[in-house]
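All chains, full assembly: derive it from the sequences and hints.
As they're listed, the protein sequences go chains A and B. Using the numbering used here, you'd call the opening residue of the first sequence number 1 and step up by one each time. Using the numbering used here, you'd call the opening residue of the second sequence number 1 and step up by one each time.
If you're looking for bench data, these hints aren't it; they were derived computationally from the structure. Warning: the hint list may mix true and false statements.
[Unchecked claim] Part of the chain B face toward chain A, derived, beta carbon under 7 Å:
(1) 19
(2) 22
(3) 41
(4) 107
(5) 109
(6) 110
(7) 111
(8) 113
(9) 114
None of these values were measured; they are calculated from a predicted model. Backbone N, C-alpha and C define an ideal beta-carbon position, used for all residues, glycine too.
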Amino acid sequence: MLHRLPFRAMGCQMLAIVEQDSENAPDTVARVPNWFEGWEQVLSRFRHDSELSILNRTADQFVPVSQAFWEVFQASLQADRSTGGLVTPTVLEAIEIAGYDRPFNELSTGVSYSNSQNVTKLWSEVHPLSMVLCDEISHSICLPPNIRLDFGGIAKGWAAHQTAERLKASGPALMNAGGDIAISGPRQNNEPWLVGISNPFEPEQDLATLHLRSGGVATSGKDRRHWIKGSVLNHHIIDPRTGQPALTDILTATVIAPTVIEAEAAAKSVFLLGSGAGLDWLEADTGLAGVLVLDDGQVIANRRAEEYL
Amino acid sequence: MAPKSKRSWFDVQMAIMTISMASVLGLWNLFAGPDRETALRKAAEAQASQPEPVEAPPTFEPAVVVTTAVPPKPGEKILLGGTEPQTKVIIQNNRGGGGGGGGGGGTVTSTRSS
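Right, dumping it as structure tokens:
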């Protein structure tokens, strides 16, 4: 029997599912929102007293962080390495300059904008992450004055992964954190989980169904979190090569990977690269499968995606 | 004597027909020939006046192959033949319609951008 618990956290709609026949199942799933509340208090850039906000306000000084923060930080470093710096935690300055400087539901036409030339200049020099220092023994991080961190989707992916790992002791579990989906393993009857890929043109419909036994799937796109800056439609995915919202022919990129954290990083990387280079990039990694929806409505996929469709 | 006379008339008919056919062919060659030569000459002149063909730049196999000739049914996979390219179109989804039929049935949740 599937026990579902929808809730909101991290500015997104969440859904926790565990398949369990015992009477304790509802109690197990009921703990999930509290886990997310704790992680959000650590990782949110919109909470003034979060660990992330405190670290971002503390320059040139090592700040000890919690285990959760450290793990997400390490995951973001891995994402940066695996994507050649395309998915990096140091784009907060650019995101805010693009207009995303408060929770998305609070964005309005009154957003103030500044000149983006400084950001462009920053990215054209040295990779900002190379200036971030960390002590692996004490789990401390030291930021230079001009750099702040934002984990974005990596934090959600990590939280989804953690939740699925915790829930699997009670039974097969699936955690959907705002589109980042972690799956602990096949269902009780050894059947795959059926996960839809939402149609960005008709969000209430799915354009395909994925059959997933484990791992993760994530979708990045410009179809939901976008806003008007002047006369330009901006979105929240910054291209670190330019410091600007990415110019891409992809509307949404969905990637299936061994873990949801990898899927999140890969989906964003493909989105930034565009459909041509993005599919080539997916082909180079035997663990990744992708389904892309382009601006013109075409839906394309790499060959490995067929295994899941 | 009558049968011999008929055969003679038949021979005359054959001779007239032969002469007619030969005349037609001869006149055909006489009047059609020059026009054909003119046409061939004009064609040769036109070809000579065209610029030298430029070698086309090398093209690469497209990473993505798109088909629009036959709109697929919703959810239908389109598999294009051969071993290359590595990627393929699976759904020719039209903006605002046409798609949406590939999923939904039995799914427990959906992935979307957030």
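These are the hints, each one checked on the structure:
{"no.": "1", "hint": "19", "result": "73 Å, violated"}
{"no.": "2", "hint": "22", "result": "68 Å, violated"}
{"no.": "3", "hint": "41", "result": "50 Å, violated"}
{"no.": "4", "hint": "107", "result": "4 Å, holds"}
{"no.": "5", "hint": "109", "result": "5 Å, holds"}
{"no.": "6", "hint": "110", "result": "4 Å, holds"}
{"no.": "7", "hint": "111", "result": "5 Å, holds"}
{"no.": "8", "hint": "113", "result": "3 Å, holds"}
{"no.": "9", "hint": "114", "result": "3 Å, holds"}
In this structure, the earlier hints numbered 1, 2 and 3 are contradicted, and the remaining ones agree with it.
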